[in-house]
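Now for the letters of each chain:
There are 2 protein chains.
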Amino acid sequence: MPKKKPDIDRVFHALGDPTRRAIMEHLSQGPVSVSRLAEPLNMTLAAVVQHLQVLEESGLVQTEKTGRVRTCRIESSGLSVAQQWITDRRPTWDRRLDKLGELLAEPENGR
Amino acid sequence: MPKKKPDIDRVFHALGDPTRRAIMEHLSQGPVSVSRLAEPLNMTLAAVVQHLQVLEESGLVQTEKTGRVRTCRIESSGLSVAQQWITDRRPTWDRRLDKLGELLAEPENGR
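Protein sequences, first through last, are from chains Z and D. Per my numbering, numbering of the first sequence is gapless, rising by one per residue and ending at 257. Per my numbering, numbering of the second sequence is gapless, rising by one per residue and ending at 257.
Treat the hints as calculated values from the structure; they're not laboratory data. A few of these clues could be false.
Derived Cβ-Cβ restraints for the label pairs, each shown as a range [unchecked claim]:
{"no.": "1", "chain 1": "D", "residue 1": "T217", "chain 2": "Z", "residue 2": "S179", "range": "49 to 59 angstroms"}
{"no.": "2", "chain 1": "D", "residue 1": "M189", "chain 2": "Z", "residue 2": "V180", "range": "34 to 44 angstroms"}
{"no.": "3", "chain 1": "Z", "residue 1": "L246", "chain 2": "D", "residue 2": "T212", "range": "30 to 40 angstroms"}
{"no.": "4", "chain 1": "D", "residue 1": "V195", "chain 2": "Z", "residue 2": "A168", "range": "29 to 39 angstroms"}
{"no.": "5", "chain 1": "D", "residue 1": "G176", "chain 2": "Z", "residue 2": "T212", "range": "44 to 54 angstroms"}
{"no.": "6", "chain 1": "D", "residue 1": "K211", "chain 2": "Z", "residue 2": "T212", "range": "57 to 67 angstroms"}
From the derived model, a few chain Z residues whose C-beta atoms are all more than 12 angstroms from chain D [claimed, not checked]:
{"no.": "7", "residue": "V180"}
{"no.": "8", "residue": "R182"}
{"no.": "9", "residue": "E185"}
{"no.": "10", "residue": "P186"}
{"no.": "11", "residue": "L191"}
{"no.": "12", "residue": "A192"}
{"no.": "13", "residue": "A193"}
{"no.": "14", "residue": "V195"}
{"no.": "15", "residue": "Q199"}
{"no.": "16", "residue": "E202"}
{"no.": "17", "residue": "T209"}
{"no.": "18", "residue": "K211"}
{"no.": "19", "residue": "T212"}
{"no.": "20", "residue": "R214"}
{"no.": "21", "residue": "R216"}
A virtual CB, placed ideally from N, CA and C, is assigned to each residue, including glycine.
My request is simple: use the sequences and hints to build the entire structure.
As structure tokens, this is what we get:
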């Protein structure tokens, strides 16, 4: 579980892979075991574990072992680093409108 | 200048490369010509143009030729797609606090 601030290179490298983004999409619905995570992916468990290691080292995913089950969940620090980098690249007026719009939209879409 | 909605795969692939992120960082300070953009990068103009093509095809950069000078600028649609994807992966309380915090911080840092 890396506790130092995630590195922007690692985070974007990790998110550049469609399988790893699929894993993140699955985990955004809630924590899940490695074996459940692997079910819809057309690859070996070992390959899934490798992708999870990349995500964990980038601060995008946390895993925790209880007995024989390893549970994975989204770790927000990696996503924060990517989000901040993107926000800093946008024109000021654009960024403010975007954040305001998203904030106002939140209560209605119930997420 | 692609006007269709940027593809999430292309956007994250484009942002996964450190040179392309350096180009985005340079452009976030304002529009600039291809030759000025290439100056601090330790590579041929042809290599820079290739990176720019990837960024342009992902909807992250717009380029426009006037006479012999091609000017590049950030195109916000690609960044929006990446930002939205990241936002959708975060727990709700986390997202709301983040947006509120960033929104409140904006006037003070003057960006």
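Hint-by-hint comparison with the structure:
Here the CB-CB span from T217 of chain D to S179 of chain Z is close to 51 angstroms, well matched to the stated 49 to 59 angstroms. The beta-carbon spacing between M189 of chain D and V180 of chain Z, approximately 40 angstroms, falls within the hinted interval of 34 to 44 angstroms. Separated by about 34 angstroms at the C-beta atoms, L246 of chain Z and T212 of chain D satisfy the suggested range of 30 to 40 angstroms. In this structure, V195 of chain D and A168 of chain Z meet the distance hint of 29 to 39 angstroms, their C-beta atoms being roughly 32 angstroms apart.
Remark: the range hint 44 to 54 angstroms for G176 of chain D to T212 of chain Z is upheld by a beta-carbon distance near 52 angstroms. Range check, K211 of chain D to T212 of chain Z: about 60 angstroms between beta-carbon atoms, so the 57 to 67 angstroms window is met. A cut-off of 12 angstroms between C-beta atoms confirms that V180 of chain Z is not in contact with chain D; the least separation is 18 angstroms. R182 of chain Z, annotated as away from the interface, keeps every beta carbon of chain D farther than 12 angstroms; the closest lies near 18 angstroms.
Non-interface call for E185 of chain Z relative to chain D: holds, since the shortest CB-CB distance, roughly 20 angstroms, exceeds 12 angstroms. Residue-level check passed: P186 of chain Z sits 17 angstroms from the nearest beta carbon of chain D, beyond 12 angstroms. Look at L191 of chain Z: its CB is around 23 angstroms from the nearest CB on chain D, clear of 12 angstroms, so calling it non-interface holds up. Separation of A192 of chain Z from chain D is adequate, the least Cβ-Cβ distance of about 23 angstroms exceeding the 12 angstroms criterion.
The beta carbon of A193 of chain Z sits about 19 angstroms from the closest Cβ of chain D, which is more than 12 angstroms, so the claim that it is off the interface holds. At the 12 angstroms boundary, the C-beta of V195 of chain Z stays outside the reach of chain D, the nearest C-beta of that chain being 20 angstroms off. The claim that Q199 of chain Z lies off the interface holds: its Cβ sits roughly 17 angstroms from the closest Cβ of chain D, which is beyond the 12 angstroms cut-off. Distance check on E202 of chain Z: its Cβ is at least 15 angstroms (rounded) from any Cβ of chain D, clearing the 12 angstroms threshold; non-interface status holds.
The non-interface label for T209 of chain Z is consistent with chain D: the shortest C-beta to C-beta separation is roughly 16 angstroms, beyond 12 angstroms. The claim that K211 of chain Z lies off the interface holds: its Cβ sits roughly 22 angstroms from the closest Cβ of chain D, which is beyond the 12 angstroms cut-off. With 12 angstroms as the threshold on Cβ separation, the claim that T212 of chain Z sits away from chain D holds: the shortest Cβ distance comes to roughly 21 angstroms. Under the 12 angstroms C-beta cut-off, the non-interface status given to R214 of chain Z relative to chain D holds; the minimum distance is some 27 angstroms.
Every Cβ of chain D is farther than 12 angstroms from the Cβ of R216 of chain Z; the closest lies at roughly 20 angstroms, confirming the non-interface assignment.
No hint from the list above goes unmet by this structure.
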